[in-house]
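These protein sequence lines are chains A and B, in that order.
With the numbering used here applied, the first sequence covers 1455 to 1862.
With the numbering used here applied, the second sequence covers 50 to 212.
Quick caveat, the hints were computed from the structure, so don't treat them as lab data.
Please note that the accuracy of each hint is not assured.
[To be verified] Restricting the straight-line Cα-Cα distance to at most 30 Å, the calculated cross-link-like pairs of lysine-lysine (DSBU-like) are:
1) Lys1817/A with Lys76/B
2) Lys1669/A with Lys1478/A
3) Lys197/B with Lys1703/A
4) Lys103/B with Lys1737/A
5) Lys1712/A with Lys134/B
6) Lys1703/A with Lys182/B
7) Lys140/B with Lys1703/A
[To be verified] Beyond 12 Å from chain A on every Cβ pair, some chain B residues (computed):
8) Ile51
9) Gln57
10) Val60
11) Arg67
12) Gly80
13) Ser83
14) Asp101
15) Asp114
16) Asp151
17) Tyr163
18) Asp169
19) Arg176
20) Gly177
21) Ile184
22) Pro200
All C-beta atoms, glycine included, are put in the ideal place defined by N, C-alpha and C.
Take a look at the letters that make up each chain.
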Amino acid sequence: MADTDTLAAPAEEIIETDGGTTRKMILNMGPQHPSTHGVLRIILELDGETITKAVPDIGFLHTGIEKQAETRTWQQVVPLTDRTDYLANLSNNLGYCLAVEKLLQIEAPPRAQFMRVMLTEVTRINSHLVWLGTSALDVGAMSVFFYTFREREEMLRMFEFFSGQRMMTSYFRIGGLALDAPRGWEKWIDKFLKVMPSRIEMLEGLLNENPIFKKRTQGVGFISLEDMLDLSVTGPMLRAAGLQVDARKDHPYSSYEKFQFDIPTRTENDVYARYLVRMEEMKQSLRIIQQARDGMPGGPYTADAPKVVLPDREKMKTQMEALIYHFKIVTEGFRVPPGESHVVIESPRGELAYYAVSDGTSKPYRVFFRTPSFGNLQALSPLFVGFPIADSIASLGSMDFVLGDTDR
Amino acid sequence: MIPEELQQDPVVAALVARFPGVVLEAKNDLGELSIVVDAARILDVCRSLKHDEKFIRLSSVTAVDWLPREPRFDVVYHMQSIERKLWLRVKARVGGETPEIDSVFPIWRGSDWYEREVFDLFGIVFRGHPNLKRIMLPDDWQGHPLRKDFPVHGYKYSYAQEE
Chain A
1455 MADTDTLAAP AEEIIETDGG TTRKMILNMG PQHPSTHGVL RIILELDGET
1505 ITKAVPDIGF LHTGIEKQAE TRTWQQVVPL TDRTDYLANL SNNLGYCLAV
1555 EKLLQIEAPP RAQFMRVMLT EVTRINSHLV WLGTSALDVG AMSVFFYTFR
1605 EREEMLRMFE FFSGQRMMTS YFRIGGLALD APRGWEKWID KFLKVMPSRI
1655 EMLEGLLNEN PIFKKRTQGV GFISLEDMLD LSVTGPMLRA AGLQVDARKD
1705 HPYSSYEKFQ FDIPTRTEND VYARYLVRME EMKQSLRIIQ QARDGMPGGP
1755 YTADAPKVVL PDREKMKTQM EALIYHFKIV TEGFRVPPGE SHVVIESPRG
1805 ELAYYAVSDG TSKPYRVFFR TPSFGNLQAL SPLFVGFPIA DSIASLGSMD
1855 FVLGDTDR
Chain B
50 MIPEELQQDP VVAALVARFP GVVLEAKNDL GELSIVVDAA RILDVCRSLK
100 HDEKFIRLSS VTAVDWLPRE PRFDVVYHMQ SIERKLWLRV KARVGGETPE
150 IDSVFPIWRG SDWYEREVFD LFGIVFRGHP NLKRIMLPDD WQGHPLRKDF
200 PVHGYKYSYA QEE
């Protein structure tokens, strides 16, 4: 047996103590602290209640997904992308599929594109609800948590209805969708669209004017816009500081240019502003879902690329050609022309980019996941230093990171 | 080599004019502008890109291992200019026993964790980085997993050897 690896260095090794000559104290927070929403370890140096130094320690959920991706065929990487950001699986599927489709120079048909937009927006609402429930719980609003998870359950059922899986959906495939939407999907979406606006209103009613929530969030967690841009922070945090950036508008993908929606921004740049931005984003997502549902085109749900997309089951059993393609795709996978592509999409957490490099074989030479949580978490130290511990919990929640997304 | 059509590109032209001979290659594949620069001048190039060409955001730093090519690694920087709505990919080639390149931390503080990740998983040393330690793996890990010569299975021991 080999000797066991040290999983984490002691806190004193990360921040040096002064040997008790001053009032400074080293505190180890995590990796199992409930407010870290995963396994994030933070080493704090405290002067009384005030944080004077904060060093995040990540990597507890590192599973080498990028290395694993190099050993699988291009198609087999899709389920791996699910497992990075486990609250926004469909966004990850979409980003990866778009990157590979760009390399292959194929485009998903209109129906698949609309379906992708619609379900990605449901994912956005789903992810924001989990964020809302947990971060409100952190600042003491417990009932919000129960309501958000009730709504989330409906969405998970909807994902199961569409893809057969509640969370690890892998519903988007390279070239289109895994399956066409099941019969009766309109009913699910209609019900969702009918119920959800009032539910969001109810959640807003619980928090918007809640004096405790406001006291804990207003004016807390300030970080300047220049700092955020410098630290590679993206997403709702930038928008809460007044910068109107959103990949869906800046460089539209998957026919987002055909949808009408606004990018909500605030200028207060505190935890409360981030909360308002995300609530507004959910309403905008509902608008997009409505438009996608009304304008859903007919036609095929996969691209006309027989060498890439698995043939229809019926065709596979009746046509020789389709059988050959099926055999080739399943055994070897499809080959992707050499080159590199970088696709940027807007995940619920911010900028999600996939950088795919191909050497012409049926396996990726390298796939790099530029995940939003990793970049956003770099802002932890400036958000913490100089504020009391109680505030740090609120600003930690406002960053909305997923540790699986950070560590990959 | 810089192809004809890219010599007029504002970003490429500005870089070539400011630093003759530093831009080794440029291409515009699939609508993505990508340049290869001399690794020794990466700091100058990036500083100029941030301050003169307004690429104020560094999106990510990563690397690609092209074993057995020498120099072996591409260090890849993706940056965005929000003002000009532009994306740019800058690559620098490094190799040798201990691949080294200057850290761009003085220019974008956001490169901090990305460079640590590349150091951790590829073993590329970033000179001038304030805290170059492993970020994903334990401190006593041996080797750098994303290198092509690192095995996918069997780090230290495998189940087959175990009784």
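Okay, the hints, checked on the actual structure:
1. Lys1817/A with Lys76/B: Holds, at about 24 Å.
2. Lys1669/A with Lys1478/A: Holds, at about 28 Å.
3. Lys197/B with Lys1703/A: violated, 38 Å
4. Lys103/B with Lys1737/A: violated, 33 Å
5. Lys1712/A with Lys134/B: Holds. Lys1712/A to Lys134/B sits at ~20 Å (cutoff 30 Å).
6. Lys1703/A with Lys182/B: violated, 37 Å
7. Lys140/B with Lys1703/A: holds, 27 Å
8. Ile51: holds, 18 Å
9. Gln57: Nearest chain A Cβ is 22 Å from Gln57/B, so the label holds.
10. Val60: holds, 16 Å
11. Arg67: Fine: 23 Å to the nearest Cβ keeps Arg67/B off the interface.
12. Gly80: Gly80/B not clear of chain A: closest Cβ-Cβ about 9 Å, inside 12 Å.
13. Ser83: Ser83/B not clear of chain A: closest Cβ-Cβ about 7 Å, inside 12 Å.
14. Asp101: holds, 17 Å
15. Asp114: With a cut-off of 12 Å, Asp114/B comes too close to chain A, as the shortest Cβ separation is near 8 Å.
16. Asp151: holds, 18 Å
17. Tyr163: At about 8 Å from chain A, Tyr163/B fails to clear the 12 Å cut-off, so the statement is violated.
18. Asp169: The claim is violated: Asp169/B sits with its nearest Cβ about 8 Å from chain A, within 12 Å.
19. Arg176: holds, 20 Å
20. Gly177: holds, 17 Å
21. Ile184: Violated, because the least Cβ-Cβ distance between Ile184/B and chain A comes to about 6 Å, which does not exceed 12 Å.
22. Pro200: At roughly 10 Å from the nearest Cβ of chain A, Pro200/B sits no farther out than 12 Å, so the non-interface label is violated.
Checked against the numbered hints listed earlier, the structure breaks hints 3, 4, 6, 12, 13, 15, 17, 18, 21, 22; every other hint is satisfied.
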